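Given only the sequences and the hints, what does the whole structure look like? Please build it.
Residue numbering for the sequence shown follows the working numbering, beginning at 56 and increasing consecutively.
The hints are simulated quantities; they were obtained by calculation from the structure and are not laboratory data. On a predicted model such as this, the values are computed, not experimentally measured, just so you know. Ideal Cβ positions, reconstructed from N, Cα and C, are used throughout, including at glycine. Treat the hints with caution; some may be incorrect.
Claimed, not checked - Calculated lysine-lysine pairs in the BS3-like style (CA-CA distance at most 30 Å, straight line):
{"id": "1", "residue 1": "K205", "residue 2": "K228"}
{"id": "2", "residue 1": "K241", "residue 2": "K125"}
{"id": "3", "residue 1": "K146", "residue 2": "K158"}
{"id": "4", "residue 1": "K222", "residue 2": "K241"}
{"id": "5", "residue 1": "K96", "residue 2": "K241"}
What the hints assert, rightly or not - Quick list of the computed label-pair ranges, beta carbon to beta carbon:
{"id": "6", "residue 1": "P115", "residue 2": "R234", "range": "41 to 47 Å"}
{"id": "7", "residue 1": "E167", "residue 2": "I140", "range": "26 to 32 Å"}
{"id": "8", "residue 1": "N179", "residue 2": "E121", "range": "32 to 38 Å"}
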Amino acid sequence: MTDYFGFLPSTQLNSMIDEATAIINEQQEVDYYPYRNALTKQIASELIDNLLVNLVEVIPNAERQEAMRKIVATVERATETLLGILLGKDKNEDILPSFYFLKQDAMFLDNEGMRRIGFQLDENMAQTIQQGFEATNQLPLDSDDKAVFKAALMAMNEAALNHFITKFTETLKLGMVKRKSIPVAKAAIDKGMALALNKLLPQLPDDGLVRLANFYRPYLIHIDKTAGKIT
Numbered sequence: 056m057t058d059y060f061g062f063l064p065s066t067q068l069n070s071m072i073d074e075a076t077a078i079i080n081e082q083q084e085v086d087y088y089p090y091r092n093a094l095t096k097q098i099a100s101e102l103i104d105n106l107l108v109n110l111v112e113v114i115p116n117a118e119r120q121e122a123m124r125k126i127v128a129t130v131e132r133a134t135e136t137l138l139g140i141l142l143g144k145d146k147n148e149d150i151l152p153s154f155y156f157l158k159q160d161a162m163f164l165d166n167e168g169m170r171r172i173g174f175q176l177d178e179n180m181a182q183t184i185q186q187g188f189e190a191t192n193q194l195p196l197d198s199d200d201k202a203v204f205k206a207a208l209m210a211m212n213e214a215a216l217n218h219f220i221t222k223f224t225e226t227l228k229l230g231m232v233k234r235k236s237i238p239v240a241k242a243a244i245d246k247g248m249a250l251a252l253n254k255l256l257p258q259l260p261d262d263g264l265v266r267l268a269n270f271y272r273p274y275l276i277h278i279d280k281t282a283g284k285i286t
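What follows is the structure, encoded as structure tokens:
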């Protein structure tokens with residue numbers, strides 16, 4: 056068994072992946088950068104949707120929902136700004152490393168053969184996340200249970216950001232100025248994600264924390280030997 060973080064892509068994203076794959080595999084005589092750029096932006100958008108936007112519905116209070124939406128909007132703007140800086144009109148040969156990263160290291164097949172956007176978790180990270188979910192299995196939750204659960208959510212978010220920002224940007228051909236902008240932008244996104252969880256978790260009663268765990272639980276995927284990486 057191998058543990059992955061992953062979510063199901065939309066129909067639109069699946070179509071974009073298939074189109075970009077066909078164009079590059081067939082070595083069509085077109086510019087690759089519009090396809091890579093659009094694909095990257097759509098993955099980023101759906102990642103935020105899955106981790107934050109859909110999370111708003113877990114919050115029962117309308118006022119708190121509105122506060123969460125403002126935090127989400129901040130994360131979205133920071134992400135759009137970062138991608139606007141990094142994704143340019145690169146040569147086809149310079150596109151290939153980032154395309155292959157998206158295909159080989161940012162997608163996988165689950166046990167049902169469904170394509171998911173995500174990545175393999177290392178053993179320690181997977182254990183931290185699993186322990187966090189398990190801490191919500193039995194009510195009432197004490198302070199230790201809540202701390203373990205919070206650590207799991209922070210770890211999951213950090214793993215996703217590290218993979219889709221830090222590791223992905225390593226595949227881009229960037230000048231010094233653009234590369235220096237990455238840690239600054241990532242810090243802003245990190246801050247927004249952490250703020251969302253820090254505002255949400257203390258507000259939720261035990262049954263709300265269980266709903267939150269159930270919301271995030273499907274993103275931890277246990278893969279058997281017949282599934283896994285897309286080649």
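Structure-based check of all given hints:
1. Restraint check for K205 and K228: the C-alpha separation of about 36 Å exceeds 30 Å, so the hint is violated.
2. Taking the CA atoms of K241 and K125, the gap is about 18 Å. The hint holds against a cut of 30 Å.
3. For the proposed pair K146 and K158, the alpha carbon gap of about 19 Å is at most 30 Å, so the pair holds.
4. Proximity of K222 to K241 is assessed by CA-CA distance (about 12 Å); at most 30 Å being required, the pair is judged to hold.
5. Proposed proximity of K96 and K241 is supported: the alpha carbons are some 15 Å apart, at most 30 Å.
6. With their beta carbons about 43 Å apart, P115 and R234 fall inside the hinted range of 41 to 47 Å.
7. As the Cβ distance of E167 to I140 is approximately 38 Å, the hint placing it in 26 to 32 Å is violated.
8. Roughly 37 Å separates the CB atoms of N179 and E121, a value that falls within the hinted 32 to 38 Å.
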